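Go ahead and model the full structure; you've got the sequences and the hints to work with.
4 protein chains.
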Amino acid sequence: MKKVQSICRALQQLRKRGEIMADANIPYSLNSKHVAEATRSLLHERGVTLAEIAELVMILQKKYYPNLTMEECLENVDAVLSKREVQNAVLTGIQLDKLAEEGNLLSPLQEMLANDEGLYGVDEILAFSIVNVYGSIGFTNYGYIDKLKPGVLERLNDKSSGVINTFLDDIVGAVAAAASSRIAHRKQADLEIEVTGTTEEDKNL
Amino acid sequence: MKKVQSICRALQQLRKRGEIMADANIPYSLNSKHVAEATRSLLHERGVTLAEIAELVMILQKKYYPNLTMEECLENVDAVLSKREVQNAVLTGIQLDKLAEEGNLLSPLQEMLANDEGLYGVDEILAFSIVNVYGSIGFTNYGYIDKLKPGVLERLNDKSSGVINTFLDDIVGAVAAAASSRIAHRKQADLEIEVTGTTEEDKNL
Amino acid sequence: MKKVQSICRALQQLRKRGEIMADANIPYSLNSKHVAEATRSLLHERGVTLAEIAELVMILQKKYYPNLTMEECLENVDAVLSKREVQNAVLTGIQLDKLAEEGNLLSPLQEMLANDEGLYGVDEILAFSIVNVYGSIGFTNYGYIDKLKPGVLERLNDKSSGVINTFLDDIVGAVAAAASSRIAHRKQADLEIEVTGTTEEDKNL
Amino acid sequence: MKKVQSICRALQQLRKRGEIMADANIPYSLNSKHVAEATRSLLHERGVTLAEIAELVMILQKKYYPNLTMEECLENVDAVLSKREVQNAVLTGIQLDKLAEEGNLLSPLQEMLANDEGLYGVDEILAFSIVNVYGSIGFTNYGYIDKLKPGVLERLNDKSSGVINTFLDDIVGAVAAAASSRIAHRKQADLEIEVTGTTEEDKNL
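Chains as they are written, first to last, in this note's numbering: chain U, 1493 to 1697; chain S, 1493 to 1697; chain G, 1493 to 1697; chain H, 1493 to 1697.
Certain hints may be false.
Note: identical chains are not told apart, hence a pair may lie in one copy or across any two.
What the hints assert, rightly or not - Derived lysine-lysine pairs resembling DSBU-like cross-links, with alpha carbons at most 30 Å apart:
hint	residue 1	residue 2
1	K1639	K1555
2	K1695	K1554
3	K1651	K1639
4	K1555	K1679
5	K1554	K1525
6	K1679	K1695
7	K1554	K1641
8	K1554	K1639
9	K1525	K1590
10	K1641	K1555
11	K1525	K1651
12	K1555	K1525
13	K1554	K1679
14	K1641	K1679
15	K1651	K1679
16	K1639	K1679
17	K1695	K1525
18	K1651	K1590
19	K1590	K1639
20	K1554	K1590
21	K1590	K1641
These are computed hints drawn from the structure, not numbers from a lab. None of these values were measured; they are calculated from a predicted model.
Following this line, the structure appears as structure tokens:
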């Protein structure tokens, strides 16, 4: 028994590092660490830093919380990216961007993604599932930032580069909007603790 | 049989005009005309004209379609308001605004609505069900306009008046965003008809 | 300064207990404890116990986790109810049910709620915002249980009693579905910890 | 000018038939006919007939409308598939299924799709955007059918075949749920026309 378990662990290790395929006679089992790491690594590969997303958060929130620091923004972006629902959307969206960039999608999906077709809304749908993780209060922040495209969003949306970021720009805006919602919830908790010494504002976010 | 049917029709007529209550021993039956009329009448009662919503549509769409007319904007707002899903959201949202204004909601819902509490997002949820009627492409338009609050939205959002529009300002922005999505779909159809003589872009919107 | 703060605290205390109105010259400030308590108290008032919701969770999850205990189900229901987004939906939905029961809504919203109109979907929309808190994996559980109406849902859906639960039955099903999603996430974390000694499955749920 | 336009038309023609690539120096322009045809053709390629989807609709609706015919069910499935939002979801979902089947996705997305991972919910998210096209009343029908997996859904969900239908089974269930919502709206219109001679139930669905 002990032995089986240790073999199992070793295989998990290998699969985690991507050194063996999922179907190589090892029963599939989700590895949350692998999923979390792939999410951050894909964002990095596509040229997006967490600091850039944190800057979007600052743009959205500084007028409400003048003392908000970049460190807090970063911390909240990080918390958003640790959510499974967010990771699934990031992995799926960037995968589709990369396939479109390589020309490996079927027509007409290929052309719709390559041209960021205005009547194609699956990118917004994925973005939405990200925003939703911290509730409906983030909807407007997402829409606002996605329309104005400040900071990193302007670069991601630049069509002249040959890079396809049809999903990524929406995803990055959504992560920033979700982080903003998280900040709003936590600032409320802080305020209540300051005034009343306690809070029932949910701290598991 | 004929007689029963004509009585039934007469009762429908009365209920439609609101002259008899739904529970007065008449089996309930939805009356779509009554629902449609109540939607428009409540918007009117709360001081919102369809022309003002059409102006929001123009703000959102004129840069994409320079020849867009106010008449087209109005026609699209009208089409959005004829959707059952939209009517349900309008009736429910304005009802909650009115009850909050009269102080007739239970605490703490009363205070949350009266103060347009930032962590209360049911208004955004209803707005979202309106935008969704024309698909996910309208999400960003809604968020953008809800944040900038141009035109009628500025007035609706004025907290000094004593009037409570916690739901209404989101609803009006959502109707404008949905109308914008509808325009995008129809302009595509028009373009295809112009170039190829035909379209399979869905015209039932 | 100190004095102002202590007065502020005292007023908060009174408002928290509902002893003073929100508009009585005290600046509004959200009280998360009040919101949380009102949520549980309204569910209780409408005759729904957390144990009954936990039973729905057991129905949904026992085939996946044969060792699942009622205690775990209860704990997960409790966690769902501590989420602000869920509390907002519960407070709003039950408020509308109560107003419909008292006949205090405008026609035709009054008749649509009183008759659980099939083409009225705002109850489903609120339910959905609850399910969404733990991501999209809960959608099917909600739909399934809402259709089959086991346990407490059958009672809530009984139209003969004069009680109106148009929103409540959807809300209760949604809370059970959300708790099921939370269990799925946590069981994955437990499994990973067992096999690999660690997990990055998000534990803040 | 005239000449340019006729060349443009000819190129459109060729691209429509898939005979030239989108990037062959022709400005991109969405072709709704191509999108509509690809949707139906991909469903066919993956072994799903419209008649099978219509059977799911019949399962969902026969108890409410005993006289419902298979012809009506088919007609409503057809109408759902003519919606752009639905086409986008079908094209994207089947594309991801096919890529997973070929092993062409990045790890861990590859393994999550290949194993229909329970904590991956993007398939439900896409399904949801389909259901939403006819409003929130379809949510429960989708969840119910997705859980019970009658008819074609059982076959699609059979993991033993080597075929990957992680997205397709949700999509097919969602199309059936949306068609059911459409029927509910239209039957209401028919009823009102029968009783009162007219309806304002929206007929553009």
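In rising order, the numbers of the hints this structure does not comply with: Number 20 - this is the single hint that the structure violates.
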